[in-house]
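Q: Sequence:
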Amino acid sequence: MAEYSRHENIHAILVHTGQHYDDIMSNLFFSELGIPKPDINLEVGSGSHAVQTAEIMKRFEPVLINHKPDVVVVVGDVNSTIACGLVAVKLGAKLAHVEAGLRSFDRSMPEEINRVLTDSISDFLFCTEQSGVDNLIKEGIVKEKIHLVGHVMIDTLLSNLEKAKKSTIIDQLRKQGCLDGDAFAMLTMHRPSNVDDPKTFSRILDALEVIQKDLPILFPIHPRTRKNLDALGLQDRMDSLRNIHLMDPIGYLDFLKLNSCAKVVLTDSGGIQEETTVLKVPCITLRENTERPITAEIGSNQIVGTDPEKIIAAYRNVTSG
Numbered sequence: 002m003a004e005y006s007r008h009e010n011i012h013a014i015l016v017h018t019g020q021h022y023d024d025i026m027s028n029l030f031f032s033e034l035g036i037p038k039p040d041i042n043l044e045v046g047s048g049s050h051a052v053q054t055a056e057i058m059k060r061f062e063p064v065l066i067n068h069k070p071d072v073v074v075v076v077g078d079v080n081s082t083i084a085c086g087l088v089a090v091k092l093g094a095k096l097a098h099v100e101a102g103l104r105s106f107d108r109s110m111p112e113e114i115n116r117v118l119t120d121s122i123s124d125f126l127f128c129t130e131q132s133g134v135d136n137l138i139k140e141g142i143v144k145e146k147i148h149l150v151g152h153v154m155i156d157t158l159l160s161n162l163e164k165a166k167k168s169t170i171i172d173q174l175r176k177q178g179c180l181d182g183d184a185f186a187m188l189t190m191h192r193p194s195n196v197d198d199p200k201t202f203s204r205i206l207d208a209l210e211v212i213q214k215d216l217p218i219l220f221p222i223h224p225r226t227r228k229n230l231d232a233l234g235l236q237d238r239m240d241s242l243r244n245i246h247l248m249d250p251i252g253y254l255d256f257l258k259l260n261s262c263a264k265v266v267l268t269d270s271g272g273i274q275e276e277t278t279v280l281k282v283p284c285i286t287l288r289e290n291t292e293r294p295i296t297a298e299i300g301s302n303q304i305v306g307t308d309p310e311k312i313i314a315a316y317r318n319v320t321s322g
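Numbering (the working numbering), first residue to last: 2 to 322.
Heads up, some of the hints might be wrong.
Stated by the list, open to error - Quick list of the computed label-pair ranges, beta carbon to beta carbon:
1) Gly306 <-> Gly151: 22 to 32 Å
2) Glu140 <-> Asp237: 20 to 30 Å
3) Leu92 <-> Glu145: 19 to 29 Å
Source of the hints: derived by calculation from the structure; they are not laboratory data.
Just so you know, even glycine gets a beta-carbon here, dropped at the ideal spot from N, CA and C.
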């Protein structure tokens with residue numbers, strides 16, 4: 002949006018679907034990153050994949066009919082991405098997809114379905130890494146549509162890193178008794194394959210139980226993950242792990258500060274794999290695959306799945322040096 006504002010001939014309208022409906026996970030990011038207040042908020046909220054996707058389409062269509070844009074730009078692989086993309090192309094607007102071509106080759110992931118479908122209908126495909134370009138060419142996408150442009154998320158990280166260094170989040174956590182030294186691990190976990198299945202979630206906790214005996218683990222917990230702890234009967238187990246510190250969702254700058262200072266990050270997120278690579282912080286990915294293969298190729302990220310022994314071995318490997 003900042004770049005758009007520098008071009009008088011581009012009139013950009015920012016639409017927030019409201020898919021991420023938690024105030025901290027949404028509004029705080031806008032204010033901290035200096036993103037203009039959305040021109041339109043669809044306020045979709047939660048729901049199943051079908052309900053959420055359909056509701057976004059239903060609410061986004063009148064916006065396009067009213068404003069008649071030449072191009073609709075969608076980002077990433079969430080339900081908003083494919084929902085807004087479908088509406089755009091059906092109404093005759095050009096579609097641009099940022100983070101195009103990323104593939105985990107795992108069709109059980111909702112995000113993979115969103116990525117593949119969005120790329121198949123896009124007119125402009127902006128890739129963050131060469132693997133994205135290669136994947137699109139293999140899928141028969143016309144080369145002229147494909148552009149290797151780098152990563153706007155990493156641009157955001159680099160432009161906010163100095164600001165994040167001023168965050169007092171670590172001092173606050175020390176005062177709260179969560180940290181008594183400089184070393185800690187960061188944990189994020191939200192994917193359905195990990196947090197919706199009690200057996201898988203429990204296996205991950207088996208590994209975390211061992212790791213937290215060695216290092217405090219900070220866990221900014223996603224709302225649906227917190228909900229599932231109780232729903233799956235795992236809350237008491239989590240509470241017994243005294244050196245895992247559950248935190249409410251935090252702002253981008255505090256999160257960046259913690260990730261940049263962590264001894265190791267454990268995650269099932271795609272974007273965090275890339276951020277830790279730039280920050281030079283070891284990453285252990287709790288998935289069987291990744292759509293960000295460059296992170297594994299250069300060695301900054303270990304893909305270990307959810308086997309407790311593999312998670313613990315990877316942890317010991319990255320913290321032994």
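Q: Going back to the hint list, which numbers does this structure go against?
A: Checked against the structure, the only hint that fails is number 2, while the rest are satisfied.
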